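Visitor: Sequence:
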Amino acid sequence: MVPRRVPGTAPRLRTYLRRVLGYVIAYYALWATADVLILAGIDLGWALRMIPNQLYYALSVPFAYFSFFARR
7 MVPRRVPGTA PRLRTYLRRV LGYVIAYYAL WATADVLILA GIDLGWALRM
57 IPNQLYYALS VPFAYFSFFA RR
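Just so you know, my numbering puts 60 at position 54 of the sequence shown, and the rest follows in order with no gaps.
Okay, the calculated beta carbon distance ranges per label pair:
id : residue 1 : residue 2 : range
1  : Ala35     : Val67     : 16 to 22 Å
2  : Tyr63     : Arg25     : 17 to 23 Å
3  : Pro17     : Phe69     : 18 to 24 Å
If you're looking for bench data, these hints aren't it; they were derived computationally from the structure.
Small disclaimer: the values here were computed from a predicted structure and weren't measured.
By construction, the Cβ of each residue, glycine as well, lies at the ideal position given by its N, Cα and C atoms.
Make the full structure from the sequences, and use the hints.
Guide: Structure below.
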């Protein structure tokens with residue numbers, strides 16, 4: 007999706023968007039996994055659910071900010 011929507015003349019923007027999309031995919035996958043475990047009655051799912059919650063609620067903005075302004 008990123009290559010179709012971002013011009014080829016903006017490689018840094020493409021890299022940034024891919025990095026942020028990968029981050030988002032990671033915490034959504036963890037949320038889904040935790041929910042499956044919870045629905046299966048496995049208490050470990052509740053502990054796992056804390057990780058994507060922190061990734062979303064506490065670290066999303068810092069990740070996006072520092073990914074964009076990181077020195078290369």
